[in-house]
Amino acid sequence: MTATENIKIEKPPKGASIPAKEGIKKAILGVFKKALETEALDAIMIPVKVPETESYAWVLLKDTTLLENADPLPPVMTIQGGKVLSDLTKHGKINKNIAAVLRPCETRAAVELFKLKQLHFENITLISIDCPGAIPLSEYLAEPEKSKKSFDNVLDKWDGDDAVRKVCQICYRFSLPTLTNAPASDLHIGLSGNTKDDVLLIPVTPKGEKILERLDLKADSSLQKWETKIKEIKKIKSQRRKKFNHDFKANISGPEKFTAVFDGCINCHNCQSVCPICYCQQCYFDSATTKLSSEDYFRRAKERGALRFPLDTILFHLGRMSHMALSCVSCGACEDACPMSISVSQVFSLVGEQTQQAFNYTPGINREESLALQDYLEDEFCEVETPSECEPTNSNEVKENV
Amino acid sequence: MEKEYTPQIIGFLCTWCSYTGADLAGVSRLQIPPSIRVIRLMCSGRIDPLFVTKAFISGSDGVMMMGCHPGDCHYQKGNYYTRRRYKTINSVFESLHLDTERIFLSWVSASEGVKYAHVTKEFSDKITGLGPNPVKKEIFL
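Chains V and E, in that order, are what the protein sequence lines are. According to this note's numbering, the first sequence holds residues 1 to 402 in order. According to this note's numbering, the second sequence holds residues 1 to 141 in order.
So that you can see chain E by itself, here it is in the shape it has in the complex:
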């Protein structure tokens, strides 16, 4: 029997909202896709565009950026910067026709365990549909 394809997705989660939200999803016994690997950060504003490009080039099938809702940032404005950085990465990838579908940004608050389970499942399903990241097999990369 052919082994079912499980993508590898890296998630950058801020500790105050999204990580706590993910924790709540676990405590609430909601199903979270096994494809997600979470990296906890103090704030989504800590996400250097390099983290995302490195994860992508190293062959992750998807990269998630998650933080508090705009206006709810523990550090007042970190997530506003995150949004601009995401837009930058998106534009760079778009202008080179790299797969922008594989990167996504979402706001999940500490109380939104259900939302976390929902968006991760949707994203994981989407990535499964897209298949493995083509850069994975590029030796000259």
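The shape of chain V in the complex, shown without the other chains:
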């Protein structure tokens, strides 16, 4: 729990309740259809099932007939939505009024990319949705029908079924706080847990309120029931995460075990190319600098007695970790993309959480907060200095200078 999550506001927020007689997804798509028809939105960015195959792709659509194949909450996360939104707006804001429907981890990635100046939020209404997790991509592609059924089952029961990815089973940020003073998304879709009669549209920012206004929806339903349910699930998942991380840490700690986890790595860099946070145009690990001369290889082989190829796979993972652990949103895209089924996202999630805790920072939960590495206090972390130089007199002097 970080400071942002503990902020309390006096007036309890309310949401617009949408009846969902024909299922949650139909109800949500109905709202989007109306939004497009009334021109409250110019277009919507939403996952759509690709014809002929079982896969999903992001489609920026205006044509409401395309909405029939759309799915606001597909059983798999094929492409990280934050990355898609960044591709769309990296080179400047868009002039059309569009909405993007993202899972919470995708929303948080989008917010992180916004902070990294890789995304523009102007004219974009970010719609986040409560997410029960996603099915591992490889499992889904092997048995799509079975996976769809098990996903519906998870969505029904709202408990970390074994069917979803490991990183989803232990995800306690499956919903987003709807605090108006610390916004992540503009509009949040609350799926009210085990009762499937209605869907809550919760406006977070003025942009979200405007959409509801244009659709003649009144935000007058209490969020209490939804909030209680979310809290309940959060508690279960947090405990599960704590236990899992505790056990998992014992399996990956120390140079030998850590090496063992990544031993199968074939250096394909898939994890890096699908990672929403790895936004660099040229990654150091893809550059020519990593290619050495044969003398250098021989020197290194001599030092260690032998040399393993491909070179520096562990350095790649450790280096990537030290670059992006603070912004890791634990979306699990890296693990889905790994051809060797290495538990990449579980390691990154664990390391990310501990690093973020050191800075009391939660990536992507608040747009107004600055990145941990782009900010500093003059008086902090004195314990890391050698020798530690944080006598009170010293720090006072610094303050006076400001």
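For the record, the hints were derived by calculation from the structure and aren't laboratory data. Note that the Cβ used here is the ideal one computed from N, Cα and C, for glycine as well. You may find that some hints are simply not true.
With a Cα cut of at most 25 Å, we get these calculated SDA-like pairs of lysine to any residue [to be verified]:
hint: 1; chain 1: V; residue 1: K291; chain 2: E; residue 2: K54
hint: 2; chain 1: E; residue 1: K77; chain 2: V; residue 2: S370
hint: 3; chain 1: E; residue 1: K126; chain 2: V; residue 2: P255
hint: 4; chain 1: E; residue 1: K54; chain 2: V; residue 2: F285
hint: 5; chain 1: E; residue 1: K115; chain 2: V; residue 2: Q281
hint: 6; chain 1: V; residue 1: K257; chain 2: E; residue 2: L130
hint: 7; chain 1: V; residue 1: K291; chain 2: E; residue 2: E101
hint: 8; chain 1: V; residue 1: K257; chain 2: E; residue 2: E101
hint: 9; chain 1: V; residue 1: K117; chain 2: V; residue 2: N97
hint: 10; chain 1: E; residue 1: K54; chain 2: V; residue 2: Q281
hint: 11; chain 1: V; residue 1: K229; chain 2: V; residue 2: T180
hint: 12; chain 1: V; residue 1: K291; chain 2: E; residue 2: K126
Under 8 Å between C-beta atoms, here's a sample of chain E residues computed to sit facing chain V [stated by the list, open to error]:
hint: 13; residue: G71
hint: 14; residue: W107
hint: 15; residue: A110
To list a few chain V residues with every Cβ distance to chain E over 12 Å, as calculated [to be verified]:
hint: 16; residue: T38
hint: 17; residue: V48
hint: 18; residue: K62
hint: 19; residue: I98
hint: 20; residue: K149
hint: 21; residue: D159
hint: 22; residue: K166
hint: 23; residue: Q224
hint: 24; residue: E232
hint: 25; residue: F244
hint: 26; residue: Y279
hint: 27; residue: Q281
hint: 28; residue: R300
With chain V's structure known, arrange chain E on it following the hints.
Positioned in the frame of chain V, the structure of chain E alone reads:
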């Protein structure tokens, strides 16, 4: 006779304070441990976490990060960022139970030749006590 173990330590020093401090230590004829290999940077803020992890994985026994005292940075705030980066590397290493003892951060100003000699000796002694970096012998790394 068994050869005495001398560790290999990489030091990243900022040119304005720590490097000048190290220079002063040399000019003052203070004893500096032979284990230190200095890399001069324009600012400690130039230190990419990757420099440190690379040095560590490549088998350095220790990595030093040194810069101006907080508030004294030649570029106003580079060392504040360094401190946060150090904290990041430290947390990553800590969560994986890698040897955080082998990395250290210190502020040495241009006039603190004595301090430079002192902290490097202490760090070098500590690393000598810890022995060679275990990753040195890992082939699958």
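Results of checking the hints against the structure:
Simply put, V:K291 and E:K54 have alpha-carbon atoms about 14 Å apart, close enough for the 25 Å limit, and the pair holds. Between E:K77 and V:S370, the direct Cα distance comes to roughly 16 Å. Compliance with the 25 Å bound is thereby established for this hinted pair. A C-alpha spacing of about 20 Å is found between E:K126 and V:P255, which places the hinted pair at or below 25 Å, so the restraint holds. At most 25 Å may separate the alpha-carbon atoms for a hinted pair to count; E:K54 and V:F285 meet this at roughly 12 Å.
For the given pair, E:K115 sits about 41 Å from V:Q281 by alpha-carbon distance, which is inconsistent with the 25 Å threshold. Straight-line distance between C-alpha atoms of V:K257 and E:L130 comes to about 20 Å, which keeps the hinted pair within the 25 Å bound. Using a Cα cut-off of 25 Å, the hinted pair V:K291 and E:E101 is violated, with the two alpha carbons roughly 30 Å apart. Between the alpha carbons of V:K257 and E:E101 the distance comes to roughly 19 Å, so the proposed pair stays at or under 25 Å and holds.
Only pairs whose Cα atoms come within 25 Å are accepted, and V:K117 paired with V:N97 is accepted, the gap being roughly 20 Å. Our distance criterion of 25 Å between C-alpha atoms is met by E:K54 and V:Q281, whose separation comes to about 21 Å. Taking the CA atoms of V:K229 and V:T180, the gap is near 21 Å; set against the 25 Å cutoff, the hint holds. The straight-line distance between the Cα atoms of V:K291 and E:K126 is roughly 34 Å, outside the 25 Å bound, and the hint therefore fails.
Annotation: E:G71 was flagged as interfacial toward chain V, and the flag holds, the nearest CB pair being 5 Å apart, inside 8 Å. Because the closest C-beta pair between E:W107 and chain V is about 6 Å apart, less than 8 Å, the hint holds. Because the closest C-beta pair between E:A110 and chain V is about 17 Å apart, greater than 8 Å, the hint is violated. Non-interface call for V:T38 relative to chain E: holds, since the shortest CB-CB distance, roughly 47 Å, exceeds 12 Å.
The Cβ of V:V48 lies farther than 12 Å from every Cβ of chain E, with a closest approach of about 38 Å, so its non-interface assignment holds. The beta carbon of V:K62 is kept farther than 12 Å from every beta carbon of chain E, the shortest such distance being approximately 43 Å. No beta-carbon of chain E comes within 12 Å of the beta-carbon of V:I98; the shortest separation is about 35 Å. For V:K149, the shortest C-beta to C-beta distance to chain E comes to about 37 Å, beyond the 12 Å cut-off, and the non-interface label holds.
At roughly 28 Å from the closest C-beta of chain E, the C-beta of V:D159 stays outside 12 Å, upholding its exclusion from the interface. The claim that V:K166 lies off the interface holds: its Cβ sits roughly 18 Å from the closest Cβ of chain E, which is beyond the 12 Å cut-off. Against chain E, the non-interface label of V:Q224 holds: every CB pair exceeds 12 Å, the least being about 37 Å. Annotated as non-interface, V:E232 keeps its C-beta farther than 12 Å from every C-beta of chain E; the closest such distance is 29 Å.
Taking the minimum C-beta to C-beta distance to chain E, about 14 Å, the non-interface status of V:F244 holds against the 12 Å cut. With a least beta-carbon separation of about 16 Å from chain E, V:Y279 lies farther than 12 Å from that chain, consistent with its non-interface assignment. Separation of V:Q281 from chain E is adequate, the least Cβ-Cβ distance of about 16 Å exceeding the 12 Å criterion. Its closest Cβ contact with chain E, about 8 Å, brings V:R300 to no more than 12 Å, contrary to its assignment away from the interface.
Hints 5, 7, 12, 15, 28, counting from the list given before, are not met by this structure.
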